[in-house]
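> Model the full assembly from the supplied sequences, consistent with the hints where possible.
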Amino acid sequence: MTDFARLLRALVEGGVEFIIIGGVAATAHGSAHVTVDLDLIYRRTADNVARLSAALAPLQPYLRGAPPGLPFVFDVETIKRGLNFTLVTAAGDLDVMGEATGGGTYDALLPRTETRAVFGLDVRFVDLATLIHLKRAAGRPKDLERIAELEAIEDERRAMAAADDD
Amino acid sequence: MDRWRRIAKPPILGAVSELPAISLEPNPVIEAYKKDVDRTLIRENLKLTHDERLRKMIAMLEFIEEIRRSSGMKR
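Taken in sequence, the protein lines are chains A and B.
Under this note's numbering, residues 1 to 166 are what the first sequence spells out, in order.
Under this note's numbering, residues 167 to 241 are what the second sequence spells out, in order.
If you are wondering where the hints come from, they were derived from the structure by calculation, not from laboratory data.
Just so it is clear, the structure is predicted and the values come from calculations on it, not from any experiment.
Careful, some of the hints might be misleading.
[Claimed, not checked] Which stretches of chain A does chain B cover? Using the computed rule of at least three CB atoms under 8 Å from a CB of chain B, they are:
#1 15-28
#2 34-42
#3 115-125
#4 146-158
C-beta: ideal position from N, C-alpha, C; glycine also.
See the structure below:
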C-alpha cells in the first residue's frame, strides 16, 4: 500500500516544487473515493529536476509494470529526456508528470493551487475547479463518475457558503 | 527498451504553458452519474480538514487491504 506521508515527506524535505493532482487531490477536496497512488506535477526547471531526482533516490524509483532488470535510473538525464513517469517506489506508487493530461504544466497550474497542511507538511494541491478542468480535458471514460462527484462537491461547497452568508 | 522510448519530444526545461480551453458544456453521462452521488458522504467529508480527509481515506485503504489479506486476495 502506498505510504502517502512518506512520499510527501521525501519530496517536501527535498525542496521539490510540485503540485498534487489526481485522486489524492480529489480526496483532499472531499471525495469519498479511495486512491492507491500519488499523482503530482513537478516544475521542469534544471534545479527542480535535480531536487526531484535526489529526493526520490532513497526510495529506489523504478518504472511501474516494467520487467525487472532494465537499466533505468531516475536521474536528471532521464527526467530531462522524458516528461511523465509512472513509478513504483519503496513507499508505493507515484506518478510524476511534467505536464498533466489536458495541458497543465507546473507554472500554468501554480496560480490555481492552494497550500494545505497534511501529515504535518505544507503541500500544494490543485484547486477543485482546476481538478475538474483537468479531468474533463483528459476525456477518459473512467473519469466521468469522478467528475460527477467533484462537481457535486462544488455544489455542496456553494450551498455551505450560501448558508454561512445567511 | 523500445517500449519505454518517448513518443513526443518533452518540453524544454523551464518552458511555461497555459491551460488549454475546454468545453464545459453539461455532459449527459456526468449529469446522470451526479444523481447517484452520495452527498451525505461529501457533507461529512467537508466538515473535516484536508489532513483528516486524507487520513480517513488511508484508514479505508488499510481496511480494504486487511480484508484482501484475510481472504487471500491479491491487488
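> Are there three or more residues in the stretch 15-28 of chain A whose C-beta lies closer than 8 Å to some C-beta of chain B?
Held - the stretch 15-28 of chain A has 3 residues with a Cβ nearer than 8 Å to chain B, which meets the minimum of three.
> Taking beta carbons only, do three or more residues of the stretch 115-125 of chain A come closer than 8 Å to chain B?
holds (count 5)
> Has the stretch 146-158 of chain A got at least three residues whose CB is nearer than 8 Å to a CB belonging to chain B?
holds (count 8)
> If you look at each residue in the stretch 34-42 of chain A, do at least three have a Cβ nearer than 8 Å to any Cβ of chain B?
holds (count 3)
Of the hints listed earlier, there is not a single one the structure fails to meet.
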